[in-house]
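Peer 1: Given the sequences, and given the hints that come with them, work out the whole structure.
Chains as they are written, first to last, in this note's numbering: chain P, 818 to 928; chain C, 5 to 121.
Honestly, the hints are just simulated from the structure, not real lab data.
Yeah, the Cβ is synthetic: ideal placement off N, Cα and C, and Gly gets one too.
Certain hints may be false.
What the hints assert, rightly or not - Mimicking DSS-like on lysine-lysine, the simulated pairs with C-alpha atoms at most 27 Å apart in a straight line are: (1) K82/C with K859/P; (2) K82/C with K884/P; (3) K920/P with K873/P; (4) K87/C with K61/C; (5) K859/P with K819/P; (6) K873/P with K61/C; (7) K884/P with K819/P; (8) K46/C with K61/C; (9) K873/P with K87/C; (10) K873/P with K819/P; (11) K920/P with K46/C; (12) K61/C with K920/P; (13) K873/P with K859/P; (14) K884/P with K873/P; (15) K920/P with K819/P; (16) K859/P with K884/P; (17) K819/P with K61/C; (18) K873/P with K46/C; (19) K859/P with K920/P; (20) K82/C with K61/C; (21) K82/C with K46/C; (22) K87/C with K46/C; (23) K884/P with K87/C; (24) K82/C with K920/P; (25) K819/P with K46/C; (26) K920/P with K87/C.
What the hints assert, rightly or not - Label pairs and their computed distance ranges (CB to CB): (27) E862/P with G44/C: 18 to 24 Å; (28) T119/C with K884/P: 39 to 45 Å; (29) R877/P with E7/C: 21 to 27 Å; (30) E57/C with D844/P: 23 to 29 Å; (31) E832/P with D67/C: 49 to 55 Å; (32) N78/C with N911/P: 27 to 33 Å; (33) T119/C with E820/P: 25 to 31 Å; (34) R26/C with S829/P: 38 to 44 Å; (35) D67/C with A885/P: 27 to 33 Å; (36) L121/C with L925/P: 30 to 36 Å; (37) Q68/C with E832/P: 42 to 48 Å; (38) E7/C with L892/P: 26 to 32 Å; (39) G858/P with R84/C: 38 to 44 Å.
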Amino acid sequence: QKEVEQNSGPLSVPEGAIASLNCTYSDRGSQSFFWYRQYSGKSPELIMSIYSNGDKEDGRFTAQLNKASQYVSLLIRDSQPSDSATYLCAAYSNSGYALNFGKGTSLLVTP
Amino acid sequence: EPEVTQTPSHQVTQMGQEVILRCVPISNHLYFYWYRQILGQKVEFLVSFYNNEISEKSEIFDDQFSVERPDGSNFTLKIRSTKLEDSAMYFCASETSADESSTDTQYFGPGTRLTVL
Numbered sequence: 818q819k820e821v822e823q824n825s826g827p828l829s830v831p832e833g834a835i836a837s838l839n840c841t842y843s844d845r846g847s848q849s850f851f852w853y854r855q856y857s858g859k860s861p862e863l864i865m866s867i868y869s870n871g872d873k874e875d876g877r878f879t880a881q882l883n884k885a886s887q888y889v890s891l892l893i894r895d896s897q898p899s900d901s902a903t904y905l906c907a908a909y910s911n912s913g914y915a916l917n918f919g920k921g922t923s924l925l926v927t928p
Numbered sequence: 005e006p007e008v009t010q011t012p013s014h015q016v017t018q019m020g021q022e023v024i025l026r027c028v029p030i031s032n033h034l035y036f037y038w039y040r041q042i043l044g045q046k047v048e049f050l051v052s053f054y055n056n057e058i059s060e061k062s063e064i065f066d067d068q069f070s071v072e073r074p075d076g077s078n079f080t081l082k083i084r085s086t087k088l089e090d091s092a093m094y095f096c097a098s099e100t101s102a103d104e105s106s107t108d109t110q111y112f113g114p115g116t117r118l119t120v121l
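Peer 2: Right under this line is the structure:
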């Protein structure tokens with residue numbers, strides 16, 4: 818079973834700080850990785866995708882991928898209370914169809 | 005901005021009854037998916053669908069489940085005889101291409117909360 822692992826948290830950061838969310842994956846064949854945000858009772862909302870080793874920045878969000886270490890991370894700069902949500906890490910299965918999700922990390926940004 | 009829509013938002017049914025969950029994927033998308041999320045648990049893949057056939061299914065997607073694209077816009081998930089453990093949020097997703105090397109990604113609908121009594 819190919820797994821995507823995340824610390825469930827909660828991760829609590831003060832408003833304006835950097836939140837760092839981490840994810841590891843077991844399938845060395847995985848090529849594509851995604852971060853989704855999920856508010857309670859809502860559907861996953863795509864934040865970022867990353868396919869190559871290194872960093873990818875989009876506004877306040879930076880995704881980092883290290884395939885050698887099988888590690889994906891998401892940094893949120895200048896965290897806002899509205900960023901409080903569960904962040905889901907996902908990777909495609911070998912078939913390229915199914916997304917395997919981690920259990921998610923709960924982030925709480927305190928004013 | 006185009007989005008995936010799902011109906012109903014909440015479905016309550018009795019154990020053993022059949023339910024049909026409906027989805028309208030984004031119009032130019034070719035690949036369609038169903039996922040479920042039991043309360044407090046992770047999002048789990050059920051099935052993917054392309055060119056009017058199932059391209060992949062998980063162990064969860066047993067004979068009780070079926071999918072159909074009855075017309076050019078709708079994509080449905082049918083559960084023939086619901087069990088208590090089928091209670092979950094069911095998410096539909098769609099994607100332009102399933103090519104893992106592409107930049108296309110899966111976009112999720114708002115979900116249907118299924119409650120089996």
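Peer 1: Hints first: check each against the structure and report whether it holds.
Peer 2: These are the hints, each one checked on the structure:
1. K82/C with K859/P: Distance of about 22 Å is within 27 Å: holds.
2. K82/C with K884/P: Violated, because 38 Å separates the two Cα atoms, which is more than 27 Å.
3. K920/P with K873/P: Judged against 27 Å, a Cα distance of about 23 Å means the pair holds.
4. K87/C with K61/C: holds, 19 Å
5. K859/P with K819/P: holds, 25 Å
6. K873/P with K61/C: violated, 31 Å
7. K884/P with K819/P: With Cα atoms ~15 Å apart, K884/P and K819/P stay inside 27 Å; holds.
8. K46/C with K61/C: The given pair, whose Cα atoms are some 17 Å apart, holds under the 27 Å limit.
9. K873/P with K87/C: violated, 43 Å
10. K873/P with K819/P: Holds, at about 25 Å.
11. K920/P with K46/C: Holds, at roughly 5 Å.
12. K61/C with K920/P: Answer holds: K61/C to K920/P is near 20 Å, not above 27 Å.
13. K873/P with K859/P: The given pair, whose Cα atoms are some 26 Å apart, holds under the 27 Å limit.
14. K884/P with K873/P: This hinted pair holds, its Cα atoms lying about 14 Å apart.
15. K920/P with K819/P: Given that 27 Å is the threshold and the Cα spacing comes to 13 Å, the pair holds.
16. K859/P with K884/P: violated, 30 Å
17. K819/P with K61/C: Status holds; Cα separation ~15 Å.
18. K873/P with K46/C: holds, 25 Å
19. K859/P with K920/P: holds, 15 Å
20. K82/C with K61/C: Holds: K82/C and K61/C sit about 14 Å apart, inside 27 Å.
21. K82/C with K46/C: Measuring from Cα to Cα gives roughly 21 Å; hence the hint holds.
22. K87/C with K46/C: Holds, at about 19 Å.
23. K884/P with K87/C: Measuring from Cα to Cα gives roughly 40 Å; hence the hint is violated.
24. K82/C with K920/P: Measuring from Cα to Cα gives roughly 26 Å; hence the hint holds.
25. K819/P with K46/C: Holds: K819/P and K46/C sit about 14 Å apart, inside 27 Å.
26. K920/P with K87/C: Roughly 24 Å separates the two Cα atoms, so the pair holds.
27. E862/P with G44/C: 18 to 24 Å: holds, 19 Å
28. T119/C with K884/P: 39 to 45 Å: holds, 41 Å
29. R877/P with E7/C: 21 to 27 Å: Hint holds: Cβ distance 23 Å, inside 21 to 27 Å.
30. E57/C with D844/P: 23 to 29 Å: 25 Å Cβ-Cβ, so the 23 to 29 Å window holds.
31. E832/P with D67/C: 49 to 55 Å: holds, 51 Å
32. N78/C with N911/P: 27 to 33 Å: holds, 30 Å
33. T119/C with E820/P: 25 to 31 Å: Since T119/C and E820/P have Cβ atoms about 29 Å apart, the given range 25 to 31 Å holds.
34. R26/C with S829/P: 38 to 44 Å: About 39 Å separates the Cβ atoms of R26/C and S829/P, which means 38 to 44 Å holds.
35. D67/C with A885/P: 27 to 33 Å: violated, 42 Å
36. L121/C with L925/P: 30 to 36 Å: holds, 34 Å
37. Q68/C with E832/P: 42 to 48 Å: holds, 47 Å
38. E7/C with L892/P: 26 to 32 Å: With Cβ atoms ~27 Å apart, the hint holds.
39. G858/P with R84/C: 38 to 44 Å: violated, 27 Å
In terms of the numbered hints stated before, the structure departs from hints 2, 6, 9, 16, 23, 35, 39, listed from lowest to highest.
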